[in-house]
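J.: Given next are the chains, with one letter for each unit.
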Amino acid sequence: MKRREMLIGAAVTSAAGIATIAAVTQSTQALAQAVAPPASGGTLDRIIKEKKLRVTAEVTSPPFGILDRNNQPDGSEIETARQLAKDLGVELELVQVTGPQRIPALLAGRADIAISSLSITFDRAKTVMFAPPHGALSIVIAGPKKTQIRGAADMAGKKIGLTRATLEEASVPPIAPPGAQMVFFDDIAATMQAMVSGQVDAAGMSAFAAKSVGDRNPKAEVENKFTVRTAYYAAAVRPGDFDVLQFLRTWVFLNKHNGVLANIYKKYTEVALVDLPVM
Amino acid sequence: MKYVFQFGIVWDHLPQLLAGAWLTIRLSLGAFALGFVIAMLLAFLRTAGPRPFRAGIGAYVEFIRNTPFLVQLFIIYFSLPAIGIRFEATTAALLGMSLNFSGYATEIVRSGIEAVPRSQIEAGYSLGFTRLQIFRHIIVFPALRTVYPALASQFVLLMLGSSIVAAISAEELTAITNTLQSTTFRAFEFYFVATGLYLLMAVGARLLLHAIYWAVFERARPGEWGWSR
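In the order they appear, the protein sequences are chains A and B. Positions 1 to 279 (our numbering) are the ones given, in order, by the first sequence. Positions 1 to 229 (our numbering) are the ones given, in order, by the second sequence.
Please keep in mind that the hints were generated in silico from the structure rather than gathered at the bench. Incorrect hints may appear among the rest.
What the hints assert, rightly or not - Footprint (simulated), chain B over chain A, 3 or more residues, beta carbon under 8 Å:
no.: 1; segment: 118 to 127
no.: 2; segment: 158 to 172
no.: 3; segment: 175 to 185
no.: 4; segment: 191 to 200
What the hints assert, rightly or not - If you anchor each label on the Cβ, the simulated ranges turn out as follows:
no.: 5; chain 1: A; residue 1: 109; chain 2: B; residue 2: 70; range: 25 to 31 Å
no.: 6; chain 1: A; residue 1: 221; chain 2: B; residue 2: 7; range: 29 to 35 Å
no.: 7; chain 1: A; residue 1: 125; chain 2: B; residue 2: 33; range: 43 to 49 Å
no.: 8; chain 1: A; residue 1: 156; chain 2: B; residue 2: 85; range: 23 to 29 Å
no.: 9; chain 1: A; residue 1: 41; chain 2: B; residue 2: 156; range: 19 to 25 Å
no.: 10; chain 1: B; residue 1: 156; chain 2: A; residue 2: 156; range: 37 to 43 Å
no.: 11; chain 1: A; residue 1: 270; chain 2: B; residue 2: 33; range: 50 to 56 Å
no.: 12; chain 1: B; residue 1: 52; chain 2: A; residue 2: 215; range: 42 to 48 Å
no.: 13; chain 1: B; residue 1: 211; chain 2: A; residue 2: 217; range: 51 to 57 Å
no.: 14; chain 1: B; residue 1: 9; chain 2: A; residue 2: 41; range: 31 to 37 Å
As the list claims (entries may be wrong) - Derived, one-sided and incomplete: chain B residues facing chain A with beta-carbon distance under 10 Å:
no.: 15; residue: 3
no.: 16; residue: 86
no.: 17; residue: 89
no.: 18; residue: 179
no.: 19; residue: 181
no.: 20; residue: 185
Ideal Cβ positions, reconstructed from N, Cα and C, are used throughout, including at glycine.
Please work from the sequences and hints to get the whole structure.
T.: Structure below.
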């Protein structure tokens, strides 16, 4: 048979594949430089000139971002993005992302600003620049009533569901005792589903998300077991986009004082916004 | 916008990536073995079994081939617990992949069976063979030889498709890559390396499958089944 042809074909395929990867690596770099804005105008100028602001929209993370009954994005962070576009006087383009894509989408240039309940952490600050916080959230361990957890130590021997690329993924494993098993999902909807269907004993999520899943599944008797930490979330921009960052600083300052941010927060979370620290 | 590639961090996490790739390989081989046994059984029943069996198997094959793999996985992992059937993520992944593969493989094997010349099967009957004996001694070998390339391609598709089981928290290569890129934010680097690993596994699988073809169909039985060429 054509054994030799097949062998040659396989060898050529792998060589070509590896060459392609190398080429893509280089061309991505070249492309990244090619699309860089000219020195005269920064990202902010481009947004104003094109009259279009592209913002990440994560729609599987209540109450920050969800799809409403007409399948349109809604939620506190979506509303925040709308307010920002309105204050800039430009049109808003929502770039739908999953949780783990929030930062990659920003870095890849698909969005100009990430406004998707990104909590401010050291790790994230190494790759993106954070604006001052415009909201706060608590990470809790939530689970059905029958799961016996009262503190971090009780997680031993239990399966704890976590969503990748979230604050809970960063804050729960460090406090977990040996013997606690962390189970990772790609979006909060899957984590919630795993908790409701009993595939995990409990799950780490924002207190809002826990309330939302409890309200929608009364039979599951979801309750908050304990609070892991409270965090502040903010908009993020690409490293080097200081013009956009400075605008966001001013924007947060003004909307904190005129109460707009507090109104958005109250409307979607049904909780009053705490005093946001200055950054 | 300028992006500086940093591959050093990927090499630091290489053992984790390789562990993920190893689970991908184990899941793929396990699902191939299990799915192939199911497919042989179903293909036999579909071509030689009683009429109601044939219809039932036809419905099964159409269901598997016309619904998304992800939805099948969600049914196994998230929905079955509601009626008291609970699988671990890895078990659910293996089961989902096996059933999915069996659906496609049944059709492939069936086409091979139907390609066996009718006269040979009639010769079997005239020698007094039972249906099972005819299947075992006359049909299986040439049928598998005919469809071997299609089955081999389906295996590679199975292995690449296994990346979907990350969605139900099975810690295979894609899941590990997702976790690493989400904690290090080096998405480009990790996805490039994962792509390379998948490519190596796929090419390796093709070479291995080709060697198996040679060992089983060409070396072991020279000249035999010559008519099928």
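J.: Next, verify each hint and record whether it holds.
T.: Hint check results:
{"no.": "1", "hint": "118 to 127", "in the structure": "holds (count 4)"}
{"no.": "2", "hint": "158 to 172", "in the structure": "holds (count 5)"}
{"no.": "3", "hint": "175 to 185", "in the structure": "holds (count 3)"}
{"no.": "4", "hint": "191 to 200", "in the structure": "holds (count 5)"}
{"no.": "5", "hint": "109(A) - 70(B): 25 to 31 Å", "in the structure": "holds (28 Å)"}
{"no.": "6", "hint": "221(A) - 7(B): 29 to 35 Å", "in the structure": "violated (48 Å)"}
{"no.": "7", "hint": "125(A) - 33(B): 43 to 49 Å", "in the structure": "holds (48 Å)"}
{"no.": "8", "hint": "156(A) - 85(B): 23 to 29 Å", "in the structure": "holds (27 Å)"}
{"no.": "9", "hint": "41(A) - 156(B): 19 to 25 Å", "in the structure": "violated (48 Å)"}
{"no.": "10", "hint": "156(B) - 156(A): 37 to 43 Å", "in the structure": "holds (42 Å)"}
{"no.": "11", "hint": "270(A) - 33(B): 50 to 56 Å", "in the structure": "holds (53 Å)"}
{"no.": "12", "hint": "52(B) - 215(A): 42 to 48 Å", "in the structure": "holds (47 Å)"}
{"no.": "13", "hint": "211(B) - 217(A): 51 to 57 Å", "in the structure": "holds (52 Å)"}
{"no.": "14", "hint": "9(B) - 41(A): 31 to 37 Å", "in the structure": "holds (33 Å)"}
{"no.": "15", "hint": "3", "in the structure": "holds (5 Å)"}
{"no.": "16", "hint": "86", "in the structure": "holds (7 Å)"}
{"no.": "17", "hint": "89", "in the structure": "holds (7 Å)"}
{"no.": "18", "hint": "179", "in the structure": "holds (6 Å)"}
{"no.": "19", "hint": "181", "in the structure": "holds (7 Å)"}
{"no.": "20", "hint": "185", "in the structure": "holds (4 Å)"}
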